[in-house]
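Protein chains: 2
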Amino acid sequence: MLATMLYGPGDIRCEEVSEAKILHPTDAIIKLSASCICGSDLWPYRGANEVTAPMAMGHEYCGIVVEVGSAVKTVKPGQFVVGSFCLSDNTCPHCRFGFQSSCEQREFMTGAQAPYARVPLADGSLVATAELPSDDLIPSLLAVSDVLGTGWYAADAAGVTEGSTAVVVGDGAVGLMGVLAAKQMGAARIIAMSRHKSRQDLALEFGATDIVSERGEAGIARVKELTNGVGAESVLECVGMEESMSQAINCARPGGKIGFVGVPHGVTFDGQQLFFQQKSLLGGPAPVRRYLPYLMDLVLDREINPGKVFDLELPLADVAEGYRAMDERRAIKTLLRF
Amino acid sequence: MLATMLYGPGDIRCEEVSEAKILHPTDAIIKLSASCICGSDLWPYRGANEVTAPMAMGHEYCGIVVEVGSAVKTVKPGQFVVGSFCLSDNTCPHCRFGFQSSCEQREFMTGAQAPYARVPLADGSLVATAELPSDDLIPSLLAVSDVLGTGWYAADAAGVTEGSTAVVVGDGAVGLMGVLAAKQMGAARIIAMSRHKSRQDLALEFGATDIVSERGEAGIARVKELTNGVGAESVLECVGMEESMSQAINCARPGGKIGFVGVPHGVTFDGQQLFFQQKSLLGGPAPVRRYLPYLMDLVLDREINPGKVFDLELPLADVAEGYRAMDERRAIKTLLRF
Numbered sequence: 001m002l003a004t005m006l007y008g009p010g011d012i013r014c015e016e017v018s019e020a021k022i023l024h025p026t027d028a029i030i031k032l033s034a035s036c037i038c039g040s041d042l043w044p045y046r047g048a049n050e051v052t053a054p055m056a057m058g059h060e061y062c063g064i065v066v067e068v069g070s071a072v073k074t075v076k077p078g079q080f081v082v083g084s085f086c087l088s089d090n091t092c093p094h095c096r097f098g099f100q101s102s103c104e105q106r107e108f109m110t111g112a113q114a115p116y117a118r119v120p121l122a123d124g125s126l127v128a129t130a131e132l133p134s135d136d137l138i139p140s141l142l143a144v145s146d147v148l149g150t151g152w153y154a155a156d157a158a159g160v161t162e163g164s165t166a167v168v169v170g171d172g173a174v175g176l177m178g179v180l181a182a183k184q185m186g187a188a189r190i191i192a193m194s195r196h197k198s199r200q201d202l203a204l205e206f207g208a209t210d211i212v213s214e215r216g217e218a219g220i221a222r223v224k225e226l227t228n229g230v231g232a233e234s235v236l237e238c239v240g241m242e243e244s245m246s247q248a249i250n251c252a253r254p255g256g257k258i259g260f261v262g263v264p265h266g267v268t269f270d271g272q273q274l275f276f277q278q279k280s281l282l283g284g285p286a287p288v289r290r291y292l293p294y295l296m297d298l299v300l301d302r303e304i305n306p307g308k309v310f311d312l313e314l315p316l317a318d319v320a321e322g323y324r325a326m327d328e329r330r331a332i333k334t335l336l337r338f
Numbered sequence: 001m002l003a004t005m006l007y008g009p010g011d012i013r014c015e016e017v018s019e020a021k022i023l024h025p026t027d028a029i030i031k032l033s034a035s036c037i038c039g040s041d042l043w044p045y046r047g048a049n050e051v052t053a054p055m056a057m058g059h060e061y062c063g064i065v066v067e068v069g070s071a072v073k074t075v076k077p078g079q080f081v082v083g084s085f086c087l088s089d090n091t092c093p094h095c096r097f098g099f100q101s102s103c104e105q106r107e108f109m110t111g112a113q114a115p116y117a118r119v120p121l122a123d124g125s126l127v128a129t130a131e132l133p134s135d136d137l138i139p140s141l142l143a144v145s146d147v148l149g150t151g152w153y154a155a156d157a158a159g160v161t162e163g164s165t166a167v168v169v170g171d172g173a174v175g176l177m178g179v180l181a182a183k184q185m186g187a188a189r190i191i192a193m194s195r196h197k198s199r200q201d202l203a204l205e206f207g208a209t210d211i212v213s214e215r216g217e218a219g220i221a222r223v224k225e226l227t228n229g230v231g232a233e234s235v236l237e238c239v240g241m242e243e244s245m246s247q248a249i250n251c252a253r254p255g256g257k258i259g260f261v262g263v264p265h266g267v268t269f270d271g272q273q274l275f276f277q278q279k280s281l282l283g284g285p286a287p288v289r290r291y292l293p294y295l296m297d298l299v300l301d302r303e304i305n306p307g308k309v310f311d312l313e314l315p316l317a318d319v320a321e322g323y324r325a326m327d328e329r330r331a332i333k334t335l336l337r338f
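Chains as they are written, first to last, in the UniProt record's numbering: chain B, 1 to 338; chain X, 1 to 338.
Chain B extracted, bound-state conformation (with noise of 0.2 Å):
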């Protein structure tokens, strides 16, 4: 079969693979009815973290189960599923306390932009649907398995709670996310930060009720204006860099929360500073089992359509194109179909 491998920077290939199969018990193979590229796809791509072997891309899937280990009990051949991109047993201590990305048997998804996909600790991965969902629901179940779910995650590690005002660092598909999910929990107020007049319109779409587009200590100063001078009780971080999370902390109010969930790159923090800023920091990989019910529920529900953030869609075999896209920020996000 054809499927994405990333062979350095910038040198990404659609290539004939080996067939998708069991090698556990505990996996599913899945034929995807979509796929899509992650803005963290985008750190390799771009050399910011190494590359020694040729890398199978792809870590975002929803689609039909085909066959299963023998010691899957959850899900069928024939089932419709979406899985997180962290792979948890869903049993363990951790799991159990609602931080499945951090399972004692924790794995991260690979392979996805390709047809079709091995699921890893597939019971504990994977939500199944009652029944086959409509065509033009792909792309929104599709964005539950990884950019909704971290957004959701990025907004519930802030706090957001009913009347609360929210700030979102990053007009990224995760940032946008995040936007949808405050929107969601009841924030009052949802101040997007964003440069670009696309995606500040998708940022008021999803809820986003101010935007500011200014960056830096500008941007701190806008945001502050904008709140009476306070700051926002919570804050989204939702791109990974030092200039972005110090935007993060400093438009947060003294006690105020920032969710980070931007893989952070060459972020460092002091800690006397932290201290006397005095601001609750929780970030991490989505542990986005927790919320697929409640997720894929919105979707089916047609109560959220968070498929709007794939504004380019792309035949697998040009995968190439759809990174580049994204690199260049002329794509939000990209959708592969098959």
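Worth flagging that the hints you see were computed from the coordinates, not collected in a lab.
One should not assume that every hint holds.
Pairwise CB distance ranges (calculated) [unchecked claim]:
1) X:Gln273 x B:Arg329: 25 to 33 Å
2) B:Arg96 x X:Glu242: 30 to 38 Å
3) B:Leu42 x X:Ser213: 12 to 20 Å
4) X:Gln272 x B:Ala71: 42 to 50 Å
5) X:Lys224 x B:His196: 22 to 30 Å
6) X:Glu104 x B:Ser213: 25 to 33 Å
Keep in mind the model is a prediction, meaning the values are calculated, not measured.
Even for Gly, the Cβ is constructed at its ideal location relative to N, Cα and C.
We have chain B already, so just place chain X on it with the hints.
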């Protein structure tokens, strides 16, 4: 009057200074019922913070109001009051949000290791009792001003709840108060990390269920062993050094919370490490003012006895010995009488 001045590392003096007097209309003058030495006073005493000019020491206080400025409305001469070491107006947005220690007008109390002291922002910082308290309650009421309030904040920031497991890193006075706080908040399991018999005994008296005397990797391993390999949901960091912070983070379970109240010295965090550890961090100077009324009531109702943390009592004239005894860890905390 006599007061305590620090001239440089190890050079603490009890010497004649001018009388405390009203400088601003929002000030009050109090006659202290007792004072004490704080673990944080040892930072400049040990040379870890630079001392460029003689410093008036002491920030923990309770006593009788003797004079108030023209703008003071909520306390009056003759009343017994306890105040927070962080002075605040208690009306600004940060105060109303419960983070009085980040008040827009915040000052830190000074000069309280003396028989009289000026308290700025008296209306916002002081809480009066209905009647004069019994003498034997003075040490416990004094403790509320900082050491108990700070231990309480550590437990609060660490999210201690009914039935939870808490680890306390640091067996200084604040750590011991953290144990007391966790007990009051209903923790089912309180693991105190301490190598000193007298402190272990006090920790057990305040509610610790387990003592871990190992440190570093061995200490972390022991906590993991006591928690079925999982770690604790709440960890109170009450030291402020690199090693203790690392211990705190590693004793917490993924998704667990660390409340850090030891002022960090030489502590840094790597963003990516913090991300994958997936633990919540909240520190800062304790918003003692938020807790004052509740904690004073607990003391007045004799439900808690935090004053037990004072294991050395000296006249003000011997304050230098009080510092030495704490520096050499011969005393946990020194009470000063006038």
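Notebook entry, point to check: Which of the stated hints cannot be reconciled with the structure, identified by number in ascending sequence?
Noted result: Going through the list in order, the structure violates hints 3, 4 and 5 and respects the others.
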